[in-house]
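Asker: Given next are the chains, with one letter for each unit.
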Amino acid sequence: MMFDVAVIGAGVVGALTARELTKFNLKVALLEKCNDVAMGTTKANSAIVHAGFDAVPGSLKAKLNVKGTAMMPETCRELHVPFKNIGSLVLAFCEKETETLKELREKGIKNGVPGLEIYDSDKLHSTEPNVSSEAVAALWAPTAGIVCPYELTIAAAENAVKNGAEFFRNFAVSKIDWDGGEFTVSDGRKEIKTKYVVNAAGVYCDEIAALIGDNSLSVISRKGEYMLCDKSMGTLVSHVLFQCPTVMGKGVLVTPTVDGNLILGPSATDIEDKENVATTAEILALVLEKARKSVPSVSTREVITSFAGLRAHLECDDFIIGKSEKNSNFINAAGIESPGLSASPAIAEMIAGLIAEDCGAAANPEFCPVREEPVRFRHMSNEERKALIAKNPAYGRIVCRCETITEGEILDAIHAPAGARDVDGVKRRTRAGMGRCQGGFCGSKVVELLARELGTDLNEITKFGGDSKILYERTK
Amino acid sequence: MLNYDIVIIGGGPAGMAAALRAKECGVDSILILERAETLGGILEQCIHTGFGLQYFGEELSGPEYASRFIDLVNKEKIEYKTDTMALEITQDNKVYAVNKKDGLLEIQAKAIILAMGCRERPRGALNIAGTRASGIMSAGTAQKYVNIDGYMPGKKVVILGSGDIGLIMARRMTLEGAKVECVCELMPYSSGLTRNIVQCLDDFGIPLYLSTTVIDIHGKDRVTGVTIASVDENRRPIPGTERLIECDTLLLSVGLIPENELTRAVGIGLDSVTNGAVVDEYRETDHEGVFACGNVLHVHDLVDFVTLESQTAGEGAAKYVLGKKQKGAQVTTKGTGMVRYIVPQKINLNNEGDVKLYFRVGNTARNATVKVKYGGEEIISRKRPRLAPGEMESVVIKNEMLKSFSDGGVLEITVEV
Chain A
1 MMFDVAVIGA
11 GVVGALTARE
21 LTKFNLKVAL
31 LEKCNDVAMG
41 TTKANSAIVH
51 AGFDAVPGSL
61 KAKLNVKGTA
71 MMPETCRELH
81 VPFKNIGSLV
91 LAFCEKETET
101 LKELREKGIK
111 NGVPGLEIYD
121 SDKLHSTEPN
131 VSSEAVAALW
141 APTAGIVCPY
151 ELTIAAAENA
161 VKNGAEFFRN
171 FAVSKIDWDG
181 GEFTVSDGRK
191 EIKTKYVVNA
201 AGVYCDEIAA
211 LIGDNSLSVI
221 SRKGEYMLCD
231 KSMGTLVSHV
241 LFQCPTVMGK
251 GVLVTPTVDG
261 NLILGPSATD
271 IEDKENVATT
281 AEILALVLEK
291 ARKSVPSVST
301 REVITSFAGL
311 RAHLECDDFI
321 IGKSEKNSNF
331 INAAGIESPG
341 LSASPAIAEM
351 IAGLIAEDCG
361 AAANPEFCPV
371 REEPVRFRHM
381 SNEERKALIA
391 KNPAYGRIVC
401 RCETITEGEI
411 LDAIHAPAGA
421 RDVDGVKRRT
431 RAGMGRCQGG
441 FCGSKVVELL
451 ARELGTDLNE
461 ITKFGGDSKI
471 LYERTK
Chain B
477 MLNYDIVIIG
487 GGPAGMAAAL
497 RAKECGVDSI
507 LILERAETLG
517 GILEQCIHTG
527 FGLQYFGEEL
537 SGPEYASRFI
547 DLVNKEKIEY
557 KTDTMALEIT
567 QDNKVYAVNK
577 KDGLLEIQAK
587 AIILAMGCRE
597 RPRGALNIAG
607 TRASGIMSAG
617 TAQKYVNIDG
627 YMPGKKVVIL
637 GSGDIGLIMA
647 RRMTLEGAKV
657 ECVCELMPYS
667 SGLTRNIVQC
677 LDDFGIPLYL
687 STTVIDIHGK
697 DRVTGVTIAS
707 VDENRRPIPG
717 TERLIECDTL
727 LLSVGLIPEN
737 ELTRAVGIGL
747 DSVTNGAVVD
757 EYRETDHEGV
767 FACGNVLHVH
777 DLVDFVTLES
787 QTAGEGAAKY
797 VLGKKQKGAQ
807 VTTKGTGMVR
817 YIVPQKINLN
827 NEGDVKLYFR
837 VGNTARNATV
847 KVKYGGEEII
857 SRKRPRLAPG
867 EMESVVIKNE
877 MLKSFSDGGV
887 LEITVEV
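Protein chains in written order, with this note's numbering: chain A, 1 to 476; chain B, 477 to 893.
Don't take every hint at face value.
[Unchecked claim] Partial chain A-side listing against chain B, Cβ under 10 Å, derived: (1) S132; (2) A390; (3) I398; (4) E407; (5) V447.
[What the hints assert, rightly or not] Calculated pairs, PhoX-like style, for lysine-lysine (alpha carbon to alpha carbon, straight line, at most 25 Å): (6) A:K195 <-> A:K175; (7) B:K576 <-> A:K386; (8) A:K445 <-> B:K576; (9) A:K445 <-> B:K577.
If you're looking for bench data, these hints aren't it; they were derived computationally from the structure. Ideal placement from N, C-alpha and C gives every residue a C-beta, glycine not left out.
Looking at chain A on its own, in the form it has when it is part of the complex (with noise of 0.2 Å):
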């Protein structure tokens, strides 16, 4: 098969790249090493949408960052992803750290963020009532805001779907042949054939790099580990709650989602294995205690679960974005860590605009940014449901209790361009099984629905492809 650019790795980055490319008449490929989109760095993070005062000024963490922020409400609202555009507050617990703030806004408006303001202690209690009463001042910015990336991811994928570009799962490359006009790219099963690579493989870029001879990079996997509280917690806070910045990261955050819950962390510790998303009991409660710093009513008993993420870190701590040094047709975006999710639009468009100049390739025509808002009968009123279910019965039998799921909504996210071949895919898709009972009671209804529409045998299905698979052989 002959492509014009193939983007290895289906996150956020290069499933909106992928879309950006459809802008174009470029025949674009998207190949995904896992068994669906969003599952790697994507999965699982802050779901922040940064205002951009943390990077350094003139870095493309500082550039990208701000001009995707800027991006991300438009980029939403044609994808029908949810934004929240809330506004952060770093929280300052002593008089050093509220020179930090100074810094940090200092820095800010270096970069172009708009609107940052220093509030005192009052400004910030009367905001956040339930904010620690230790601290003393924070720095607000009124451009970030929350959204969730695999949701982002799901959305931009399918909208590059429907634009013409062909997505290609559980298609891990491990070659790449140059001929010097045209790549072959290669899973060892399959090949594909293609002019342009982009590398947006997050912590294996520097791997995939090195396939083209390109040593250049070298990613520290950094993990970071989260705990979700139950939608009870959600409203505990209104904004983004940041603690002072350390040579780690941006430290515990405390924010509501997009659905609904309250998310607590990241830790950060730098890792070897760029598979272990395992979660530890010490990082967990360190996470608890640092996360009760600012907001001191958050309570374990309303955990619903707990999730580890692996950044992509470079030693030089910016992205590194553009033609690779060994190919002039090898793009690499490497070290999409944060602030990756927030730059994740202008990224795309900065590595399409690149491609379609070195080509010289025209608009598409045909291009349609939109991608339909999914049926979400949980937010209906009851006279939609009646119409809704008037047309399609399946809207009428609720799947997963705990979120109000219907069948009809399960069966649009398993046919849905690039849509979901394993229960977790149907779970981002959906949030069937993100509920209380955490798929409990519904998750055997997903997975006869998987195997009905995918035509195999309830033994076939995972829960997040490879081995992972569910049941075992039939019962004596």
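Based on the hints, put chain B in the right spot on chain A.
Answerer: Positioned in the frame of chain A, the structure of chain B alone reads:
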């Protein structure tokens, strides 16, 4: 809009018993809403025996116990809708529900009986560290896969929590050819019924490790093992006692939580210990005309008790519909010391019969005395050779006693060892 005298949410043992008793008490207009494809609730997947010893005086399987009630519901021509999910209860006792056939249903009820049952506590609530591999599920989910769908969810199993479903599944998985390595229980005692420990673990040589928990889960795609450790009296893992157990499956049986989402949404007062509604002796909640019974009210160990309690609620709802139940002077019940909770939490003094109080203790005890006090004065004292958190206790308050109480009084149950 549909109109019924009584709408019952949940067609498991609680909902069916309540419906049948309400019918017996003279109410004909009854509708049961059931979210599953059939009536019977969780009993349908409980194919083991042990049900009905108290109520029927014989040992039945779950489906057999359920079918006796399903047959009666059909015989009495009580209406029900299966595959139907109740979405909302309104302040004026309207129920919104949805199914494929009727679409969105709007049902006005005079009385509502909540009988939604309970769900299992998931892994997240325990905060066990480790990977998020496949092969971790609640014991009840595994029970459904094995007994209803006919698939094995694993071959080498560790079970965390010695609740009854965990114990039952230890035996069930063994009978189906899996190797159950052990059952770990955080507490120094099991929360399951003694007969289940004997019949499901001891008879099969499955070890039960008390004061032990799972502290880490291993495996990338599928579980490859868990690390277990002993815990101290504060339930904290003791360093040096960690042990890796290879397995492909971790089943959780770590507690049940009443499913009170609808109850909470309409603003009905809940008991922080039972996680169920606060009710009077007829199981009426603080929302007039709304009753609750079965595991949605408090988690029972035996379905027989669910049946009895639900009959009380069915009778109460019928009396309410027929204008024969009035709220008036009340006393409040209060468990102290070892007594964790009492149901009902309130008793109407105008009640014409005896009232049975159900309660649970928070720890095991031998040769204990259960004492009931009113206004600090001891009015009942009963010897109990053995008390355990896994087994529900009860005590009857005779009507003549009730008549001697006055409005606002407190009835206390305590245990002396």
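Asker: Please flag the earlier hints that this structure goes against, numbers listed from lowest up.
Answerer: Hint 1 alone not satisfied by this model.
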